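Trainee: Following the hints, complete the assembly by docking chain B with the ligands onto the known chain A.
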Amino acid sequence: MKLTGAQILIECLKEQGVDTVFGYPGGSVLNIYDALYERGQDITHVLTSHEQGASHAADGYARASGKTGVCIATSGPGATNLVTGIATAYMDSVPMVAITGQVPTSLLGRDAFQEVDITGITIPITKHNCIVKNVDELAESIRLAFKIASEGRPGPVLVDVCKDVTAAVTEYTPISIKETKTKEFIKKLPEVNESILAQAIKAINNSKRPLILSGGGSIIADIKDELLTLSEKALIPVANTLMGLGSFNGMHEYFTGLIGMHGSRVSNKANSECDLFIAIGARFSDRVISNLKRFAPNAEIMHIDIDPAEIGKNIKVHYPLNGDIKAILRRIIEAVEVNEDKKAWINQIKEWKEKFKKKYVDDGTLKPQYIIESLHKLTNGDAIIATEVGQNQIWAAQYYKYSRPRQIISSGGLGTMGYGMGAAIGAKMACPDKTVINVAGDGCFKMNCNELATAVKYKLPVIIALMNNGVLGMVRQWQTMFYDKRYSQTTIEGETDYVKLAEAFGAVGINVTKPEQVEDAIKEALKSKDRPVVINFVIDKDERVLPIVPPGAGIDELIHE
Amino acid sequence: MGKHVMGVLVKNHAGVLSRVTGLFSRRVFNIDSLAVGTTQDPEISRITIVVNGDSYTVDQVAKQLDKLIDVIEVEHLYKEESVTRELMLIKVKATSQNRSEIIQLVEVFRSNIVDVSATSLTIEVSGGSSKLEALIEMLKPFGIIEVVRTGVIAISRGE
Ligand SMILES: Cc1ncc(C[n+]2csc(CCOP(=O)(O)OP(=O)(O)O)c2C)c(N)n1
Ligand SMILES: [Mg+2]
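Respectively, the protein sequence lines represent chains A and B.
Using our numbering, the first residue of the first sequence is number 1, and each one after it goes up by one.
Using our numbering, the first residue of the second sequence is number 562, and each one after it goes up by one.
Isolated chain B (complex conformation):
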């Protein structure tokens, strides 16, 4: 078992996403995260899926996805050969006493504060999943109000 990142290029048709996600539930594949966006070609979208499973599952996922008419290409993005990133917005409780402590953390994580209120701070951070997890852990003691994550996106290294 393990996490595998798959890049799926699809035609930008209505219903493509439900075809893809439907396939995962129907064939009992586990999705950890899923992110969609257009590519340089407005008629083509890219879905990045993090699959949880063994090599059999990954093989089947790729082959079954590839059979969908709207799927143009399926790519397995291996860790060593790709760059993966995820964006997270995290809202945390803050008081006048601990505010500066939180700000220090934010700096260590090379993240930004994007919203401030009397009782909270909202932080924007991007990076690999482990970095995001680590920040969540560090902020837990202050009281996390809300976490919003985009899911992983990935691109292969080199040309």
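Same shape as in the complex, but just chain A:
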């Protein structure tokens, strides 16, 4: 059938099974929005307050559901407003398709109104991108975008569509999702090297003190069952990166917590003492390694990852296992054995867990750790937790116990302040039956609180647990610890009344200043069925995130009190 480019675009989204898109209209996407109006009945379009919010929402939707998130923006400023969201998704390997309008082909390159070279701008922050200048290439470009975004190591793909292309008419032949999914891979997936795999299995069986680090790749590859089996069968303790939280039950006795800069004492100590360090779907970021010389100094390194470029990038690897981590883990599980040494090691881990139990001083004031623990308790550990960035993020990572993949939604790689609000909206759209909480800092919340309006408009009862310390807490903490308390530009407290702010947007606001108010406030917020709730938890500005590995120090040299 003959359709316009805009109509084809919408049909292609339907082919891919897209049910939700986040976006913002403008001149160069007028045709696209018109086609959406006409034939987008099966697609919910969420109109955000800002394109950045749309990009984070698409990302949050993708992380919560595992499906590809979609956002749409107009050319020029609309497109550039997506950039932070695309970079955020890129750093955390989130499947996303960003569709931007572009000026008509006849005006390309002439500095036309709202012309910006968005494909040029986003080369370093997309897995792939393209500009469509011919309507006959549109359908294929969109299908490819979805394929590239989701297969192998996922990531964002941007498709820039010239306005005249959206108006031009051509023959459209529908394709079912099945067809697009079963076609051969764009990039061949690596096959694991059999001889290294055999050596790796031997190394696991011979090791006396192995430690697994499970990262974001474990969430993407959905290996929760395999990881649990391996850990329990071979008696291997499991640490997580921030991105890996939820890949292993946070309440399991073999779970050692976060590793690295804000890692638990157990994880970091186990890292120092282990003789085999097994990284699964993790990329050895500097936030994990700290000082390379002191990282797992007594261990051989095994690295299981789908991306060959990650193996050997940041650390020397003895057992490089490149391939589909689920398939590799299954092969390993078949062949692992338990030995007596490992029993002693796992008992050692349990002992450390007891000895180094996380604790914070309970002095009767309102503690952020207590707030997160209360959120865990009152949501039965079942909520989806989006976070902002800073202290709030690390507290949310440390004190909520994640028991399933896709339960924490946090900007790990880019550390994007203002991410959580949009991400929470996306997560709630993806999982309407789950409680979604955005654990926020006051600095972050101020960046993108405009999206409260979006949550109100779409009747999304997301809860914003605002850790209001009046400061850019994480930066201030560094100033306290490493800059002689010279508090340069980190105090943000002012006259903002967060309850009034919430109410002005049509949301509910609750003030909490004492620990005894915490549970009631959370219970109250959980009752809301169609309205976002901001709980303004007023906490002390000198609360710190602990433990912390000081800059330049080894992972074992953490400060914990």
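There may be inaccurate statements among the hints.
Result set (PhoX-like, lysine-lysine): computed pairs, CA atoms no more than 20 angstroms apart in a straight line [said to hold, decoys possible]:
(1) LYS326/A x LYS357/A
(2) LYS701/B x LYS188/A
(3) LYS572/B x LYS188/A
(4) LYS313/A x LYS628/B
(5) LYS624/B x LYS313/A
(6) LYS572/B x LYS147/A
(7) LYS353/A x LYS401/A
(8) LYS628/B x LYS147/A
(9) LYS187/A x LYS654/B
(10) LYS628/B x LYS187/A
(11) LYS224/A x LYS326/A
A few chain A residues facing chain B, derived, Cβ under 7 angstroms [to be verified]:
(12) ILE123
(13) PRO124
(14) HIS128
(15) PRO308
(16) ALA309
Computed beta-carbon distance windows for the label pairs [unchecked claim]:
(17) PRO551/A x PRO702/B: 34 to 40 angstroms
(18) ILE559/A x LYS640/B: 27 to 33 angstroms
(19) TYR483/A x ARG588/B: 27 to 33 angstroms
(20) PRO702/B x PHE113/A: 56 to 62 angstroms
(21) LYS187/A x SER579/B: 53 to 59 angstroms
(22) ALA504/A x ILE605/B: 55 to 61 angstroms
(23) PRO551/A x ARG588/B: 50 to 56 angstroms
(24) GLY689/B x GLU137/A: 38 to 44 angstroms
To be clear, the hints were calculated from the coordinates, so they are not data collected in a lab.
Keep in mind the model is a prediction, meaning the values are calculated, not measured.
Beta carbons: idealized from backbone N, C-alpha and C, even for Gly.
Mentor: Coordinates of chain B with the ligands only, in the frame set by chain A:
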């Protein structure tokens, strides 16, 4: 450290070159030279890159390039197993006194004179980089006006 020649087959799309060069600057890889041209298949181009770095760098270059959707294949062309060539045009000052001396040099280097003026000669030479460097050295005393080089291209030996 050392120089490594990489052959990169890419789809002949607009913007491919900026994807490739952008990757080098972004990941702090050093490029010595870069040459692009089409292959026997008009839809596929070949980029020959000379990378300056250690084995870690070369490994990362290959792996990161390979991740680009428009990159079809990355090949490390080892010295012993490949033929490398570079083309250079070099314009040098020449007077009626030294012209014949320069022409002799050109013959020794099995190169050609492609342009002559009253005060200059332009020489075309191809070969490995060391040959080109040597000719430049020999011509320096006469006064070099301009050097234009294509960058290295390479092909594997045998089939
Ligand atoms: C967009 C952006 N700008 C700056 C930073 C640097 N940064 C990291 S954490 C932080 C402080 C965040 O303050 P707040 O939201 O109040 O959180 P808190 O640490 O107090 O919990 C800053 C400024 C960042 N990560 N992202
Ligand atoms: Mg703060």
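Trainee: Against the structure shown, which of the earlier numbered hints fail to hold, in ascending order?
Mentor: 1, 2, 9, 17, 18, 21, 23
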